[in-house]
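Chains as they are written, first to last, in the numbering used here: chain A, 121 to 384; chain B, 2 to 280; chain C, 101 to 362.
Among the clues, some could well be false.
Stated by the list, open to error - Simulated restraints, written as ranges between beta carbons of each label pair:
(1) B:HIS109 - A:THR241: 48 to 54 Å
(2) B:ARG102 - C:GLU215: 25 to 31 Å
(3) C:GLY221 - A:ALA134: 39 to 45 Å
Unchecked claim - Pulled a few chain B residues facing chain C out of the computed Cβ check, cut under 10 Å:
(4) TYR165
(5) VAL166
(6) ARG182
(7) ASN187
What the hints assert, rightly or not - The following residues of chain A were derived to be distant from chain C, with all beta-carbon distances above 10 Å:
(8) ASP128
(9) ARG132
(10) ARG141
(11) SER182
(12) GLU197
(13) ASP218
(14) ARG225
(15) GLY229
(16) PRO256
(17) GLU257
(18) GLU259
(19) ARG313
(20) ARG338
(21) GLU344
Note that these hints are calculated values from the structure, not bench results. Note that CB positions come from ideal geometry on N, CA and C, so glycine has one too.
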Amino acid sequence: MSLLEITDLTVRFAGRTVVDRVSLSVAPGDRLGLIGSSGSGKSLTALAAIGLAPDDAEVSGSVRLDGREILGLPDRELAPLRGARVGVVFQEPQTALDPLMRVGRQVAGPVRRRTGVSRTTAAARAVALLSAVGLPEPEHLARAYPHQLSGGQRQRVGIAVALAGDPALLIADEPTTALDVTVQAEILGLLDRLVAERGTALLFISHDLAVLARVARRIAVLAEGVVREEGEVAQVLREPADPATKSLLAAYRASAWEPQEARQ
Amino acid sequence: MRAVLREPGGATGVALIGVLLLAALVSLVWTPFDPTFVDPSASWVPPFSGGHLLGTDGNGQDLLSLLLAGARITALTAVAATAVASVVGVGLATAAAVGRRSGEVVSHLIDVLVALPTLLLAMVLAAVYGGSVVTAVVAIGIGTGVNVARVGRAEMASALGTDYVLAARASGASTARIVRRHVLPNVGPVLLVQLSLTLALAVLAEAALSYLGFGTPPPAPSWGRMLQELQLYVTVHPWAVVWPGLAITAAVLGFSLLGDALRDVTDPRLRRAVPAVVA
Amino acid sequence: MILSARDLERRYPLPRTRLLGPRRYREALRGVSLDIGEGDGGTGIVGESGSGKSTLVRLLLALDRPDGGTLSHRGTPVVKAGRDFRRDVQVVLQDPFASLDPRMRVGDIVAEPLECLDVPGDHRARVRELLAAVGLAPGAVDRHPHQFSGGQRQRIAIARALAPGPRVLVGDEPLSALDVAVRVQVMDLLRGLANELGLSLVLVSHDIGAVARLCRRVVVLHEGRIVECGDTAEVLGAPRDPYTRRLLAAVPRLPAAGPGEE
Chain A
121 MSLLEITDLT VRFAGRTVVD RVSLSVAPGD RLGLIGSSGS GKSLTALAAI
171 GLAPDDAEVS GSVRLDGREI LGLPDRELAP LRGARVGVVF QEPQTALDPL
221 MRVGRQVAGP VRRRTGVSRT TAAARAVALL SAVGLPEPEH LARAYPHQLS
271 GGQRQRVGIA VALAGDPALL IADEPTTALD VTVQAEILGL LDRLVAERGT
321 ALLFISHDLA VLARVARRIA VLAEGVVREE GEVAQVLREP ADPATKSLLA
371 AYRASAWEPQ EARQ
Chain B
2 MRAVLREPGG ATGVALIGVL LLAALVSLVW TPFDPTFVDP SASWVPPFSG
52 GHLLGTDGNG QDLLSLLLAG ARITALTAVA ATAVASVVGV GLATAAAVGR
102 RSGEVVSHLI DVLVALPTLL LAMVLAAVYG GSVVTAVVAI GIGTGVNVAR
152 VGRAEMASAL GTDYVLAARA SGASTARIVR RHVLPNVGPV LLVQLSLTLA
202 LAVLAEAALS YLGFGTPPPA PSWGRMLQEL QLYVTVHPWA VVWPGLAITA
252 AVLGFSLLGD ALRDVTDPRL RRAVPAVVA
Chain C
101 MILSARDLER RYPLPRTRLL GPRRYREALR GVSLDIGEGD GGTGIVGESG
151 SGKSTLVRLL LALDRPDGGT LSHRGTPVVK AGRDFRRDVQ VVLQDPFASL
201 DPRMRVGDIV AEPLECLDVP GDHRARVREL LAAVGLAPGA VDRHPHQFSG
251 GQRQRIAIAR ALAPGPRVLV GDEPLSALDV AVRVQVMDLL RGLANELGLS
301 LVLVSHDIGA VARLCRRVVV LHEGRIVECG DTAEVLGAPR DPYTRRLLAA
351 VPRLPAAGPG EE
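Extracted from the complex, chain A is given alone in its bound form (with noise of 0.2 Å):
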């Protein structure tokens, strides 16, 4: 049974249809990447269906989380299964994260509201996480506010954030688009190794090929909000049948650098 079922989806925005007709299904553990270039639609198909996408949009299809209707759901009801059940990492963590809250405190609100727990009892979670993610003396950051950390820093908080309510799901929007290389590095192999740990849900959006291969087993390619091809990622790389991918391909090939010895 998929953990998320996205049927049909169509996204109408500003008279035009940015998502088409897409449907994707993420499992337990599974590990699915979207990928197209701008204006395909990738993140707001990813949006639209925990109920994110702006609203002027019209969205219509069906989007099922654990086998329940979440499309059309109102934000009373949608919250909660969105901090419990889907957890979101977004491209500027400056977005995710409250600018005049302490980071401790943000971590710590998705586990009191998933587990009702104490507030010290909650703090002290939220610390354990903040290590978890890799950041230093957790204990003292968790008392900085965002603007005193790095961007680094700030989308690890935000990793932390969004797992937080423990959730089945992660749901990454380009997280490492806006960071330095070795940054990108460091986050791509924690999200690798945090999801593995958990067993959580990945669906993963980038521009970026090799970002995608880097943490996806599965992908989809979207092209003007139509899912062209989807596969496991080595099989599609090694064998690209649409256009779009193909095309995709080329354009990565084009101005990617590849080391030396891959070519030997």
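Got chain A sorted already, so can you dock chains B and C onto it with the hints?
Structure of chains B and C alone, referenced to chain A:
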């Protein structure tokens, strides 16, 4: 402009301002009665009687005529004060945003001047030079001008930090050219909003000054002074004081609504141009 | 040597934590030396955030003054950038949405350096020529930036930079904000123009792929200092500095290609 008229607030605002300007212009050539004509026999005539649409005051002066003539002072002071405010505001803002060391000094100057109460300044000027349209215009102009400067400085500093200004510098553009061609046009809409709100403030300030006796001296008709004179009789002849009060309210409301509509029209357009979620 | 930087230093004051006592500074650049020669095949400056690359770009363009060291233009130290300097050294910035004045028409944007630098000749003809050189239709002259895509705006920015006929074109992450497919096109455009016009490209980027393709030499910047420099192929193939090695190791790559590939 069309977008402003589409907004209900904007249309109302423009209508009210239109009435104000119309009243001021018409009064230059015609009023039902001579506003300065004193007729003791027609003292305190109620509205809609004896040809006096709004009634008369204690001296038998026709209230409607006084109102129309008073519109002149209101409109003149508001427009002139706003003109002074725009010169002061844009000038100070540019000096603060552009100069490197001197900019900081001007910036601090703006912060200090903003704390200065406009009406107090006006009263001091009136006490020294005698109350008149000029002192009111100068005082209100400076008082509101520094507020415009404060907003303007922030906007200009932000515009000067953009990449297109950097590119212009790399293209060899002089500072003057950058301010003229890149900063002012991009900062214009925000300043326009500020100026229309300044108009509202100017109307209110002029009325307050006249009410306190520091504005245009008699016999020039003024809404503020009308308010002050008529309020003494509010228990006996309540309808009279309502007219100048309504007039002031309508004028301030008109300019405020226009300012709000301008802000709604210029701001969200910039925000809606970039979708919140880029797929 | 068109541009020569010697021991450039730039520091920024840190906000005061105590009212009295010495002012503390953040060193953005220290001891940076660089030579850009005529037609030198392109110089890449690789660095992450905090490396000082943005500061270096401003110093090389004489849009900022160094606190130490000198920048020389054709042998003469640059005190204040004159017209000769600006004609010789131009820039393409990172964000195609921010580097073009939204209220100006494209024709005026591209013509701006021609006007400011008093370049002789028919400006309108030159603008048409430039737009064609970057692959844009002549009708673009009357349109506004928001009517174009990111890649097209970057082309407009390139056209503007080429207007005064520079010998050095500095690119400050010109490809980073672009889609992968568009990136390839703009990269090809830059390479083509550099070859055709004998331009010296100075590409400041964190994108190793772009640097590998457009620059014969590469300089690695880390925390304000140059930690490694040399021939691109050599540095990328056999990096000596530990930071360079860490940087290159962090670049994500596709899983090794199978035997049936390519």
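Hints, one by one, checked against the model:
Between HIS109 (chain B) and THR241 (chain A) the beta carbon distance is about 50 Å. The supplied range of 48 to 54 Å therefore holds. Here the CB-CB span from ARG102 (chain B) to GLU215 (chain C) is close to 30 Å, well matched to the stated 25 to 31 Å. Take GLY221 (chain C) and ALA134 (chain A): their Cβ atoms lie about 43 Å apart, and the range 39 to 45 Å holds. Annotation: interface hint on TYR165 (chain B) holds; nearest CB of chain C at approximately 4 Å, less than 10 Å.
The beta carbon of VAL166 (chain B) comes within 8 Å of a beta carbon in chain C, closer than 10 Å, and the hint placing it at the interface holds. Proximity of ARG182 (chain B) to chain C holds as hinted, the smallest CB-CB distance being about 8 Å (cut-off 10 Å). Here the hint on ASN187 (chain B) is kept, as its CB sits about 6 Å from the closest CB of chain C, short of 10 Å. With a least beta-carbon separation of about 27 Å from chain C, ASP128 (chain A) lies farther than 10 Å from that chain, consistent with its non-interface assignment.
The Cβ of ARG132 (chain A) sits about 21 Å from the closest Cβ of chain C, beyond the 10 Å cut-off, so the non-interface label holds. Taking the minimum C-beta to C-beta distance to chain C, about 24 Å, the non-interface status of ARG141 (chain A) holds against the 10 Å cut. With a closest Cβ-Cβ approach of about 31 Å to chain C, SER182 (chain A) is found to remain outside the 10 Å limit, as its non-interface label requires. Every CB of chain C lies more than 10 Å from the CB of GLU197 (chain A), the least distance being 37 Å, so the non-interface label holds.
No Cβ of chain C approaches the Cβ of ASP218 (chain A) within 10 Å, the least distance being about 23 Å, so the stated non-interface status holds. At roughly 25 Å, the least C-beta separation between ARG225 (chain A) and chain C is larger than 10 Å, which holds for a residue marked as non-interface. Non-interface status of GLY229 (chain A) relative to chain C is upheld: no Cβ of that chain comes within 10 Å, the nearest being about 29 Å off. Annotated as non-interface, PRO256 (chain A) keeps its C-beta farther than 10 Å from every C-beta of chain C; the closest such distance is 17 Å.
No beta-carbon of chain C comes within 10 Å of the beta-carbon of GLU257 (chain A); the shortest separation is about 20 Å. A cut-off of 10 Å between C-beta atoms confirms that GLU259 (chain A) is not in contact with chain C; the least separation is 23 Å. For ARG313 (chain A), the shortest C-beta to C-beta distance to chain C comes to about 16 Å, beyond the 10 Å cut-off, and the non-interface label holds. Distance check on ARG338 (chain A): its Cβ is at least 14 Å (rounded) from any Cβ of chain C, clearing the 10 Å threshold; non-interface status holds.
Its beta-carbon lying about 13 Å from the closest one in chain C, GLU344 (chain A) satisfies the requirement of being farther than 10 Å from that chain.
Of the hints listed earlier, there is not a single one the structure fails to meet.
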